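**Student:** Chain by chain, the residues run as shown.
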Amino acid sequence: MHRGRLSTIGAGAGAWLAAIAIAFPLLWALLTSFKTELEAAAYPPSFVNFSWTLDNYRAALGGGEYFAALWNSLLIAGGSSALALLVAVPAAWAMAFAPTRRTRGLLLWMLSTKMLPPVGVLIPIYLFYRDWNLLDTVSGVAILLAAGNLPIAVWMLFSNFKEVPAEILEAARMDGALLLQELGLVLAPMALPGLASTFFLIFTLAWNESFWTLNLTSTDAAPLTAFIAAFSSPQGLFWAQLSAVSMLSVAPVLAIGWLCQRQLVRGLTFGAVK
Amino acid sequence: MRGRGRLLVSPAVALLLVSSILPLVATIWFSLIDYRLLVPGTGRFVGLANYVHLLTDPSFGPTLVNTLLLIGMVLVVSIVGGLGMALLLERVVLGRGVLRLLVISPFFVMPPVSALLWKNLLMQPVAGFFAWVSSLFGLRAFDWFARAPLASIGLIVSWQWLPFACLILLTSLQSFDREQREAAQLDGASAFVIFRQLVIPHLARPIAIVVMMETIFLLSLFAEIFVTTGGGRGSSNLAFLVYSQAMVRYDVGAASAAGIVAVVFANVLAFFLVRAVGRSLDA
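Protein chains in written order, with the numbering used here: chain U, 1 to 274; chain B, 1001 to 1283.
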C-alpha cells in the first residue's frame, strides 16, 4: 500500500513536470508578450522582474492589419465550416437513416479522399483559381477548406446520427409526425450536441490550416496564418510583438479545443477510437 | 426513399469530386506534358519525361529521404512521448483537468505560430531560451537551424503532434479493462509484464491509427518549412519541392510529377488506414 502511494505521488509529480515542459513554449511566449522588445531579447532572460507592459497588445490591436487578418480568418473558418455542414448534414442523415447497399462504400470513398495530400492537387487548383480570379479571395479558400473538412464532418455526423435510436423516430412517425416535424422536433434536439462539436472541430482545423491559406492568399484574403508567416522575414523579427500577435491568434481556438477534446479524438480518427 | 437519399448525398459527392478527383486527374495530365508557365508554346505530350527528370535529379533523393526522415522522426517522438504522457496522466489524481489542458494545447496552435515561436524565442542561438539553458550546464549554445535544420523542424512538428497521439492513446487506455488488469495483478504479474502482454496489444490499433493519420498530414508538411528555412539548407521535403517547382521555377510539369509521387506514397498508407477503419465500421 505504502509503495503504491509513493508511486502515485511520483507519477503525479512527473506528470506535472512533463505537462509544464510541453506547454512551456506557449507559456514562455505568453510571458514574452508582456515584455518590451529589449527585454524580450535580453540575455539572460528575465522571468518576473521586468517592467510588465501591454504595449505589444496595444500595437497589435491598434494597427488595422491584425483585424483584417482576424476578420479573414473568421470568414474563412466560419464560412467553410458552415458550407461543410450544409452539405454534410443531408448526406450523413441519408446514410444513417436510409442506408443502401452502397452506403458503406460511399463512406469509405469519402474517407479515402482525405488521404489525398493537398500537394497532389495544388497545381491545377492554383491555375484554375488564377484563371477564374479566385486567387486571394475568401470564398476561394473557404470552398477548398470546406471540401477538405467534408469527410470528417460526414463521418462525425454519421456516427452521431447512428446513435439516435430508430425506434424513437418511428414512434414519432406513428404518432403522425410529418418529416419536417420529425427532423425539427425529434431528431434535432438529440443531434444538436454532435452538430455543435462537429462544427467546432472543423472550425478549428480550418482556422489553423496553413497549406492552402499560404499558397492561395497574398493580401486581400490573407488570414492570421499568412499574417503570422509574414513575421518570418528577418526585418520583421520583434519577439515581443510576435508573441503578442501569436497569443491573440491562438486564443480563440485554444478555448474551443479545450471544450471539445473528446470530439476531437472521435472526429480525427473517424470514429475508430471512442 | 432511395431517390431522395441519392439527392441528399449528391452535393457532398459532387463537392468532393470537383475538389479532389478532378484536380487529381488534371495533375496526372500535367505531369505527362511539358508545361512551363513562362515559356510560350509548351504543352507537348512528353510521356514519362518529367518523372525521369525528377527521379534522376540529384536533389530528388535527398528530398525523398527528408520527407521520410521528418515523418519518421515526428512519428517516433510524438508516439513515444505521447504514450509516456498518457500513462502518466492516467495515474494522476490531482489536477487532471488542468494537466490535460496543458498537454493538448500545442495541437491547437497554428503551424506558422509554433514554428516562429520555437525558431526565435527558444532556438535562436544568441538570446534564445535554449541557449540560456545550455549555458546553465556550461555548454556552448547550439545553433539549431544552422547545424540541424531538418531535426529542428522535426522537433517543432513533433511538439505539435504529441498531444494528438497522447489524447488518442489516453482515451484508449481509459477503455482498458480494469478487471483484466486486476486479475493479472492477483496472479502475480509484474507491471512490466502487464504493460507488455495486455496494454500494448490493446493499444496496437489506436497506435496504427495515429501513425496513419499523422503520416497523411505530415506528407503535406509545408508551413513549418516555409517560415523557418524557406526550404534551404537541405530541409526541403516533397510538399515543398512541389511548391518551389511550381511557384518559384514555374515548371508545372515537373511539379505535377512530384505531386503524383506524394499521392502514390499516401495511397499506399491510405490503403491500410481505410481497411482498419472499415473493420471498426463492421464492429
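Derived from the structure by calculation, the hints contain no laboratory data.
Just so we're clear, the structure is a prediction, and the values are computed from it rather than from any experiment.
The C-beta atom is built at its ideal place from N, Cα and C for all residues, glycine as well.
Hints are supplied without guarantee of correctness; some may be wrong.
Unchecked claim - So, partial list: chain U residues that the calculated Cβ filter (under 10 Å) puts toward chain B: (1) L6; (2) A82; (3) L86; (4) L116; (5) L134; (6) T137; (7) S139; (8) L195; (9) F227; (10) R266.
As the list claims (entries may be wrong) - Sample of chain B residues lacking proximity to chain U, with all beta carbon distances greater than 12 Å (derived): (11) S1105; (12) A1255; (13) V1268.
**Student:** Okay, which hints does this one fail, numbers in order?
**Tutor:** Result: hints 1, 2, 5, 6, 7, 8, 11, 12, 13 break, sorted rising.
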